[in-house]
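Enquirer: Spelled out from the first residue to the last, the chains are:
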Amino acid sequence: MRIVTGGELVTECLVDQGVRYVFSIIGGQMGTIYDAIGKNPHIDVITPRSETSTAIMACGYAVTTGQPAVSMCTVGAGVVYEVAGLLKAWLTYLPVISIAPQVQSYKMKPNQENLQACEQDELFAPITKFNAIIYHWERIPQLIHRAFREAATGIPGPVHLDIPVDVLFRHKILTSQRRRRMLVPPHQSRYIGPISGDESALEKAGETLKSAKNPLVIVGQGLGRPGRFPQVRERLDKLGIPFLGTRLSGGAFDAGDQFFAGDALGFANSEPGKKILAEADCLLVVGLDPDSLKILDRTNTVPVIQVETDPAAMLTGDQTIPVYADPVSALNSLESVLAQKKGRRPVAWKNKVLKAGDAIARDILQQAGPQLETAFNLLDGDSIKDAIFVADGGPASYVPAFLKTRKHAGLHVMDQEDMSGAGLPFAIGAALGNPGRSVVLICDKDSLFHHLRELQPAEDLGVGITILCVDEEPNQGNVANLEKVLEGLGCHVHRAGDKPGIANILRHKGQPGAVLV
Amino acid sequence: MKTLSGSQILARSIAGAGIGYVFTVPTPRLKPVLDCLEKIQGMTVITARDETAAALMADGYIRRSRLFAAVLTDAHGRSLSQVSGVTNAWADKIPLVSVSLCEDAAPNANKGIARSRYDANRVFEPVTVWRKRLSGLADMPKAFVDAVAASQGNRRGPVHLDLEAGLLDRRIEEGIPGIPPEGPVEPQKLTPMRLSGDSQTVDQAVKLLKQARKPLIITGGGVKASRASLDVVRFMERFGLPGCTTMAGIGTIPSDHAYCLGGPSYTAGEAFHVAIKKADVILALGCSFSGLEGFGLPPLWSERIKFIHIDNNPNQIGLNVNPEIPILGDVKTVLAQMAEILDATAFVAPDGWAHWRMILADLKRQRKTRLLNFANRPWGGLHQGSVALEMGKIVEKDNLIMVIDGGNTPLYAAMYGPGMSPRQSFFPFGMAALGGGVPYAIGVALAAPHKRVMLITGDGSSMYAISELETMKRLNLPITIVVNNDSSWNMIKALQDSLFEGNYVGTCLPDIDYAKIAAGFGLYSERVKNAHELVPAYERAVESGGPALIDCVTDCKNLPDSLLSFAMVEFEGAQINPVKLAKSLWKGRDMGLSRALHQVTYVRKALLGFNPSTKRRV
Ligand SMILES: Cc1ncc(C[n+]2csc(CCOP(=O)(O)OP(=O)(O)O)c2C)c(N)n1
Ligand SMILES: [Mg+2]
Numbered sequence: 019m020r021i022v023t024g025g026e027l028v029t030e031c032l033v034d035q036g037v038r039y040v041f042s043i044i045g046g047q048m049g050t051i052y053d054a055i056g057k058n059p060h061i062d063v064i065t066p067r068s069e070t071s072t073a074i075m076a077c078g079y080a081v082t083t084g085q086p087a088v089s090m091c092t093v094g095a096g097v098v099y100e101v102a103g104l105l106k107a108w109l110t111y112l113p114v115i116s117i118a119p120q121v122q123s124y125k126m127k128p129n130q131e132n133l134q135a136c137e138q139d140e141l142f143a144p145i146t147k148f149n150a151i152i153y154h155w156e157r158i159p160q161l162i163h164r165a166f167r168e169a170a171t172g173i174p175g176p177v178h179l180d181i182p183v184d185v186l187f188r189h190k191i192l193t194s195q196r197r198r199r200m201l202v203p204p205h206q207s208r209y210i211g212p213i214s215g216d217e218s219a220l221e222k223a224g225e226t227l228k229s230a231k232n233p234l235v236i237v238g239q240g241l242g243r244p245g246r247f248p249q250v251r252e253r254l255d256k257l258g259i260p261f262l263g264t265r266l267s268g269g270a271f272d273a274g275d276q277f278f279a280g281d282a283l284g285f286a287n288s289e290p291g292k293k294i295l296a297e298a299d300c301l302l303v304v305g306l307d308p309d310s311l312k313i314l315d316r317t318n319t320v321p322v323i324q325v326e327t328d329p330a331a332m333l334t335g336d337q338t339i340p341v342y343a344d345p346v347s348a349l350n351s352l353e354s355v356l357a358q359k360k361g362r363r364p365v366a367w368k369n370k371v372l373k374a375g376d377a378i379a380r381d382i383l384q385q386a387g388p389q390l391e392t393a394f395n396l397l398d399g400d401s402i403k404d405a406i407f408v409a410d411g412g413p414a415s416y417v418p419a420f421l422k423t424r425k426h427a428g429l430h431v432m433d434q435e436d437m438s439g440a441g442l443p444f445a446i447g448a449a450l451g452n453p454g455r456s457v458v459l460i461c462d463k464d465s466l467f468h469h470l471r472e473l474q475p476a477e478d479l480g481v482g483i484t485i486l487c488v489d490e491e492p493n494q495g496n497v498a499n500l501e502k503v504l505e506g507l508g509c510h511v512h513r514a515g516d517k518p519g520i521a522n523i524l525r526h527k528g529q530p531g532a533v534l535v
Numbered sequence: 023m024k025t026l027s028g029s030q031i032l033a034r035s036i037a038g039a040g041i042g043y044v045f046t047v048p049t050p051r052l053k054p055v056l057d058c059l060e061k062i063q064g065m066t067v068i069t070a071r072d073e074t075a076a077a078l079m080a081d082g083y084i085r086r087s088r089l090f091a092a093v094l095t096d097a098h099g100r101s102l103s104q105v106s107g108v109t110n111a112w113a114d115k116i117p118l119v120s121v122s123l124c125e126d127a128a129p130n131a132n133k134g135i136a137r138s139r140y141d142a143n144r145v146f147e148p149v150t151v152w153r154k155r156l157s158g159l160a161d162m163p164k165a166f167v168d169a170v171a172a173s174q175g176n177r178r179g180p181v182h183l184d185l186e187a188g189l190l191d192r193r194i195e196e197g198i199p200g201i202p203p204e205g206p207v208e209p210q211k212l213t214p215m216r217l218s219g220d221s222q223t224v225d226q227a228v229k230l231l232k233q234a235r236k237p238l239i240i241t242g243g244g245v246k247a248s249r250a251s252l253d254v255v256r257f258m259e260r261f262g263l264p265g266c267t268t269m270a271g272i273g274t275i276p277s278d279h280a281y282c283l284g285g286p287s288y289t290a291g292e293a294f295h296v297a298i299k300k301a302d303v304i305l306a307l308g309c310s311f312s313g314l315e316g317f318g319l320p321p322l323w324s325e326r327i328k329f330i331h332i333d334n335n336p337n338q339i340g341l342n343v344n345p346e347i348p349i350l351g352d353v354k355t356v357l358a359q360m361a362e363i364l365d366a367t368a369f370v371a372p373d374g375w376a377h378w379r380m381i382l383a384d385l386k387r388q389r390k391t392r393l394l395n396f397a398n399r400p401w402g403g404l405h406q407g408s409v410a411l412e413m414g415k416i417v418e419k420d421n422l423i424m425v426i427d428g429g430n431t432p433l434y435a436a437m438y439g440p441g442m443s444p445r446q447s448f449f450p451f452g453m454a455a456l457g458g459g460v461p462y463a464i465g466v467a468l469a470a471p472h473k474r475v476m477l478i479t480g481d482g483s484s485m486y487a488i489s490e491l492e493t494m495k496r497l498n499l500p501i502t503i504v505v506n507n508d509s510s511w512n513m514i515k516a517l518q519d520s521l522f523e524g525n526y527v528g529t530c531l532p533d534i535d536y537a538k539i540a541a542g543f544g545l546y547s548e549r550v551k552n553a554h555e556l557v558p559a560y561e562r563a564v565e566s567g568g569p570a571l572i573d574c575v576t577d578c579k580n581l582p583d584s585l586l587s588f589a590m591v592e593f594e595g596a597q598i599n600p601v602k603l604a605k606s607l608w609k610g611r612d613m614g615l616s617r618a619l620h621q622v623t624y625v626r627k628a629l630l631g632f633n634p635s636t637k638r639r640v
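Same order as they appear, the protein sequences are chains A and B. Take any residue in the first sequence, count from 1 to its spot, add 18: that is its number in my numbering. Take any residue in the second sequence, count from 1 to its spot, add 22: that is its number in my numbering.
Hints were generated in silico from the structure; no laboratory data involved. Just so it is clear, CB atoms sit at the ideal spot from N, CA and C, and this is done for glycine as well. Treat the hints with caution; some may be incorrect.
To be clear about the criterion: a stretch of chain A counts as covered by chain B if any three or more of its residues have a C-beta under 8 angstroms from a C-beta of chain B, and this derived list gives those stretches [claimed, not checked]:
{"id": "1", "segment": "172–185"}
{"id": "2", "segment": "202–208"}
{"id": "3", "segment": "494–503"}
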């Protein structure tokens with residue numbers, strides 16, 4: 019039996035759910051949460067230098083670890099900076115848990131000219147899957163569990179919880195009995211196992227795939243990155259059908275994936291790609307996303323087998339064969355159907371698709387320009403197979419084509435339409451989640467400038483990311499000398515001409531390093 | 023027939039609504055719009071590095087210039103990055119015109135796969151006074167005119183327009199009615215609403231005021247909007263009334279005026295606390311009784327106060343305090359009405375008022391001496407109070423504009439800073455949000471081209487918009503940034519000291535050399551560790567010509583005493599664990615005896631109202 023504050027209860031729930039880091043800038047109302055975090059060895063606070071970055075760092079962490087990530091910003095003042103960052107999680111289907119304190123429960127809604135407050139639940143409503151105010155101490159565990167459940171299940175996405183300061187500071191007795199009932203492990207608060215799928219749907223899908231001559235797989239957001247479905251790569255290898263990735267999934271594949279043909283958008287936007295799409299006679303879509311939707315626009319009316327973890331995401335139409343299952347279960351089952359097919363698998367179609375993919379990538383790389391070419395040459399000189407890449411700004415359009423034929427530990431492309439300069443905080447989040455790996459941010463001067471400040475906490479935390487940046491001479495649009503700016507922020511800077519050897523920098527742990535090309 | 027592109031229409035619509043300043047971050051889609059804007063005579067386009075800062079700059083520009091300005095950004099994250107700036111404007115009732123592009127496809131509230139179909143316009147709903155989504159080019163000019171009008175309604179504040187991005191690629195015929203001509207822009211000024219008070223109610227107000235034994239004037243941000251600062255001061259002087267300001271009203275009564283209680287709100291310490299406990303009639307001018315001031319309600323304010331509340335927003339009246347006499351009207355106009363009646367009856371302030379005023383003045387004097395003595399103790403290092411004092415002297419001497427940012431830092435600036443005029447000092451009090459300092463300084467500097475701007479910022483806050491040092495340098499703005507570098511998020515660290523036994527989590531910052539960072543951006547910069555180095559450093563900074571930064575190394579053990587009052591408001595209704603509190607206070611002896619005594623004196627004088635020496639002397 020113990021007296022427990024609302025903040026302690028929040029912290030215990032987060033630890034139970036496997037949260038290692040809370041990305042957060044403090045506010046007084048979070049006092050009890052921070053106090054509890056400070057006393058708990060299993061959880062820590064990471065403090066960036068603007069709340070916009072808390073959510074973006076959480077994105078980078080979540081997507082590269084598969085572990086839950088929390089973004090926590092203070093009432094009003096903090097959350098208004100966070101909104102833009104959390105939008106990234108929303109647009110890229112990432113289960114980031116956003117938690118914020120609110121002013122006193124008895125005067126928070128409607129707003130009463132309270133200090134710092136606004137109706138922040140409304141602010142988040144359009145860009146979160148689930149959004150709630152926790153009015154009672156007793157309900158903290160239940161609603162936190164629910165937030166994790168909503169974030170991770172179906173099509174994942176961010177969620178937001180508001181907790182009024184009086185609830186966070188409430189002291190109540192927690193008996194061991196009550197504790198057992200309220201604080202349960204994740205597997206008891208949400209379903210974590212596989213979604214095996216509906217047998218008849220899988221059978222139908224299998225038959226369709228079996229009879230196809232030119233099948234093509236498009237892996238989209240359903241991949242879910244490391245944590246959710248780590249075995250997808252293996253399954254695709256066994257399945258033996260050429261596949262495309264989208265901006266959200268493509269970076270998970272590399273030269274080691276023998277059926278990986280490249281980037282879906284590259285196919286949709288090029289002549290050889292369009293030709294392949296026109297020839298495909300059956301599509302297997304694993305987790306629809308905006309890029310795969312664009313592909314569907316470019317193909318003929320062919321059967322589409324759609325694998326989703328949320329039945330609500332199914333396309334409607336005669337050509338769709340909906341399969342409600344997780345990707346691993348679905349691919350497993352389809353593979354066993356295909357295995358019954360007699361004779362050797364046709365390699366001509368596969369080769370054709372892969373060849374087209376190579377040609378598309380070559381074409382893209384030809385436009386990359388001399389500076390990026392230098393950058394790529396630098397990377398080629400060294401082993402990058404254990405490095406995680408983040409691409410932002412202008413280079414974001416070229417890096418996938420370059421990495422497609424190399425081995426690496428993951429690429430994350432920042433969509434230039436989503437927001438600006440998310441790369442740096444994202445890379446820092448990724449580095450925190452992967453202390454054993456190198457993280458390389460490939461970007462340009464313009465995108466790097468948006469969140470430059472985060473180099474300071476990166477250095478403080480000993481996060482040794484490497485920035486490979488396409489520089490630009492100081493000019494009217496940006497008068498800063500990037501080398502000097504980065505050095506001022508505690509970054510080791512090398513010029514490409516110095517022949518720095520990326521390997522040296524990759525090994526340079528504990529301090530951000532930059533190579534300017 | 024000649025046709026116009028969407029970009030041309032947008033540029034003309036902005037100009038047509040009287041907006042002559044646009045803050046933006048260029049993207050390929052916005053580039054043609056910016057080209058069109060730049061061709062318009064009298065239009066200024068300012069490029070920021072990040073959209074968050076662009077919105078804050080626009081807000082700062084409006085606060086100082088009293089002219090309309092817009093922030094224009096691309097969609098999604100670039101649009102939602104505006105939310106922080108827009109919210110500051112909303113909380114402080116600044117008519118900012120916020121514009122962004124959005125998806126062409128209509129919003130879809132179903133939370134399925136089509137994530138980009140979220141309703142961006144709705145995100146802005148809780149923090150704007152008016153919103154619109156535009157899907158027709160012909161509607162654009164009127165939408166901007168409407169937006170500007172709506173920002174000046176009863177509830178002044180920011181407005182938001184979402185423009186479907188596809189509009190920019192469309193064309194329409196030039197002859198369509200309502201399309202404004204191509205420039206030049208006539209910048210529209212923010213105009214106060216000169217609303218008279220109902221004469222009978224004003225009569226009653228005067229009657230109540232005359233009967234008062236301990237009257238008090240309190241001024242809020244509404245006095246700035248009404249441009250009534252001078253009128254208030256004259257009214258106070260003419261009738262012998264003591265006065266004070268809310269945080270938002272900072273500068274509406276100069277804190278060094280003999281009748282003023284001191285710095286805004288609780289930063290005036292015992293003078294303010296005693297005043298709001300003992301006053302019987304309060305003439306509240308354009309103030310919202312926000313949470314920052316404790317809502318004008320007990321426990322900090324006396325229950326017996328009779329309020330005369332003058333405000334031109336009917337929704338503000340009765341929101342937090344229930345005034346004896348509510349007057350719907352403009353502060354300047356109603357004050358003139360009241361003065362006229364008082365003059366007509368040849369009113370002479372009773373002796374009691376002078377006595378009351380002197381008690382308060384004495385409290386102010388005592389506090390000031392105490393604060394000065396405290397900052398000037400031989401600390402061995404630089405005290406935050408000294409930074410505010412020395413810089414304040416320069417601000418006063420050279421008539422500079424001051425922008426503040428941070429947690430404790432603004433409190434020090436208010437407690438130790440000089441008397442200010444209404445448009446001389448800037449901080450977003452409503453949200454009390456960190457990080458606006460650098461962009462506000464830029465916006466304010468642009469609005470005051472012949473003045474130097476001094477930004478005093480906490481170290482924690484100083485980095486939010488650090489990239490904009492490039493903007494400062496590019497525009498060669500005369501801004502001096504003074505960083506109060508106490509290596510901590512100190513306002514919150516103080517809380518951990520007093521409630522959580524010094525369990526510092528997420529509040530300590532390493533020893534960061536901000537001078538080095540600024541030098542990287544090409545700014546003149548210095549690091550200062552002693553009070554006597556401050557002024558010479560400042561002079562060298564000015565000599566450098568452009569923007570400069572002075573990194574002042576201060577001691578994180580120092581706290582502004584008045585923080586306690588604000589904390590009481592913030593944590594009202596929160597259960598404080600008495601055991602932890604006691605342990606924390608016991609541990610608090612680490613801060614040293616003199617600091618502890620200083621804080622105890624504050625509790626005794628301000629919160630307990632025990633000021634025997636004053637009473638004896640008067
Ligand atoms: C955007 C934002 N985030 C967090 C807070 C909560 N907060 C209030 S004061 C403070 C510390 C500020 O530190 P600094 O800028 O160094 O000023 P100091 O208090 O040290 O003078 C924090 C984190 C806030 N008000 N606004
Ligand atoms: Mg500080």
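Enquirer: Each hint: holds or not?
Expert: Verification of the hints:
1. For a cut-off of 8 angstroms, the count of residues in the segment 172–185 of chain A with a CB near a CB of chain B stands at 4, and the three-residue condition holds.
2. Counting residues of the segment 202–208 of chain A whose C-beta lies closer than 8 angstroms to any C-beta of chain B gives 0; at least three are required, and the coverage claim is violated.
3. Under a criterion of three residues with beta carbons nearer than 8 angstroms to beta carbons of chain B, the stated coverage of the segment 494–503 of chain A is upheld, 8 such residues being counted.
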